[in-house]
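A.B. asks: Protein chains in written order, with our numbering: chain A, 1 to 259; chain B, 260 to 574.
Hints listed in this document are in silico derivations from the structure and should not be mistaken for laboratory results.
Glycine included, each C-beta is placed from N, C-alpha and C at the ideal position.
Any given hint could be a false lead.
[Claimed, not checked] Listed next, with one range per pair, are the computed distances between beta-carbon atoms:
| hint | chain 1 | residue 1 | chain 2 | residue 2 | range |
| --- | --- | --- | --- | --- | --- |
| 1 | B | 416 | A | 151 | 28 to 34 Å |
| 2 | B | 444 | A | 151 | 48 to 54 Å |
| 3 | A | 33 | B | 375 | 35 to 41 Å |
| 4 | B | 377 | A | 211 | 51 to 57 Å |
| 5 | B | 447 | A | 38 | 26 to 32 Å |
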Amino acid sequence: MRGTLLTTIVNAKMGHVGGDLSVIDILGTLYFSVLRVDPTDPHAESRDRFVLSKGHCSVALYTTLAYAGFLPIEELASFAAPLSRLNGHPCNRKLPGVETSTGPLGHGLPVATGIAIGGKLSGADWRVFVVVGDGELQEGSNWESMMSAAHQRLDNLTLIVDRNHLQQGDRTSAVTSMEPLAERFAAFGWETHEVDGHDHAALESLLSSPNTSGRPRCLIAATVKGQGVSFIRDRVEWHHKVPSREQLAAALDELEVAS
Amino acid sequence: MSELFDCRDAFVATLEELAEQDPRIVAVVNDSIGSSKLTGFRQRWPERLINVGIAEQTLVGVGAGLANAGLKPFVCAASCFLTGRALEQIKADIVYSQAQVVLCGISSGVAYGELGPTHHSIEDLAWTRVLPGLEIIVPADPVETAAAVRYAYAAEGPVFLRLSRVGVPRLLDQRYRYEPGRAHVLRDGADLTLIACGVMVHRALEAAERLSDLGLEARVLNLPSIAPLDRREIVRAAQQTGAILTLEEHSVRGGMGSAVAEAVVAEAPCRMKLMGFEDFAPTGEANFLLDHVGMSVIGIVDAAQRLVGEPLVAK
């Protein structure tokens with residue numbers, strides 16, 4: 001999937017390569033091991049819901065959805081093309097499998113909170129998962145929802161923080177520090193776990209384990225922006241820089257060797 | 260003076276009536292239970308009254324999420340904060356995502372007159388009117404309020420219901436049914452047309468009566484549906500009466516009058532004057548403020564006479 005998303009970005013000449021590579025293991029784990037979703041019936045009432053709050057990492061989502069059968073893999077070539085349904089940021093009215101349109105930061109958790117409340121009210125057993133970027137936590141709307149979700153005891157809600165320590169312009173610690181992030185979530189009333197965000201087995205085990213805490217759950221997933229490609233890894237300038245063809249070839253070689 | 264009604268009463272009565280039949284209906288509030296008059300709703304269905312706290316961005320996002328979960332959310336908050344503070348959530352989570360949510364802007368306009376411009380909501384139509392696919396309803400009396408709630412409940416897309424708390428007389432027949440994109444001729448006339456919405460409609464009617472005594476026959480259009488807009492009826496008014504005066508409890512920039520002007524300019528240019536708030540309003544009770552900016556019945560009569568009497572600019 002890393003190779004596919006890099007190729008998609010290079011072809012389209014746009015995308016958020018660093019964040020896509022940091023979140024892709026989380027998305028893959030969700031779609032292939034955790035979420036109860038059916039690409040042949042994407043609006044099924046009983047489905048688990050997933051919201052990608054960091055909507056700029058749409059290529060990672062589209063790639064995952066394609067591998068999960070929600071759209072043809074060849075369609076990824078149309079990412080960001082004129083009139084494509086694969087917008088720069090995901091749109092629920094265009095692409096089945098996308099629950100709500102995202103892009104502006106700080107929107108995903110409030111919407112996911114509403115979905116979780118709706119599930120509780122309906123007595124439904126589906127779950128809601130939402131991924132936010134760590135820089136995105138600077139948006140106050142997240143903290144509103146964190147309080148609200150904890151107060152409502154939404155144990156059907158799981159938030160995953162893609163904790164790559166970088167935002168568009170700098171390290172998050174240099175802009176507005178999140179620390180101590182786990183303690184903050186715990187203080188806000190969340191069941192909090194820290195996990196390696198590139199370790200599929202660890203992610204799967206936490207994401208699949210029943211939540212009996214009576215509280216919403218948060219996974220702070222330690223990730224590396226640009227994970228998997230040495231010259232992109234953990235570098236601020238690769239937030240949305242597009243690799244050259246040569247860099248793509250080198251990246252694909254490196255991914256090949258690694259896998 | 261006829262009896263005056265607080266349209267919030269019609270709003271909650273209708274909402275409770277619908278909620279009794281449809282368990283999917285939920286009310287979502289930002290600690291605004293009292294100002295939304297939802298105390299009774301909470302007593303009857305405590306679990307269906309979701310209070311997210313003083314958190315408008317979450318309020319609107321939660322509304323979108325509840326719709327995703329198959330519920331029928333009525334998101335209620337003071338209109339100034341609902342539309343102002345959560346505008347991007349309204350745009351992205353509700354309208355662009357086409358979540359079936361009813362946004363209820365309570366105490367809109369200058370209902371909170373004494374609290375000053377931070378609490379006035381005379382920008383909400385301008386802010387929401389630019390969002391394609393959001394229906395906007397400004398009811399004029401309790402009958403229209405009840406009809407609008409019923410309509411919004413059954414609508415297939417998102418609706419913004421702009422509700423006042425300023426007392427208004429009953430104007431419409433009980434059989435009235437709200438239709439989107441439909442303006443109503445409340446009084447016919449050939450000399451000019453007064454187009455009004457919400458709390459200004461009864462003033463427009465009173466002004467038309469006075470104008471009639473003075474020899475000017477004013478048509479009065481009630482325009483509850485700001486989006487979609489009844490372009491046909493507006494164009495007909497422009498062509499048949501040659502002059503339009505719009506009256507709204509809103510800024511003159513971007514509101515109902517602007518919507519009418521857009522239609523008039525495109526299809527049947529005529530003399531027009533937009534009445535409303537030209538500036539942040541001072542402090543004072545709502546009816547005082549409406550009078551203060553020239554929208555007393557006498558003020559409307561005066562503006563109408565001048566509009567009709569003004570010579571056209573030489574070509």
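A.B. asks: What are the numbers of the hints the structure violates, in ascending order?
C.D. replies: 3, 4 and 5
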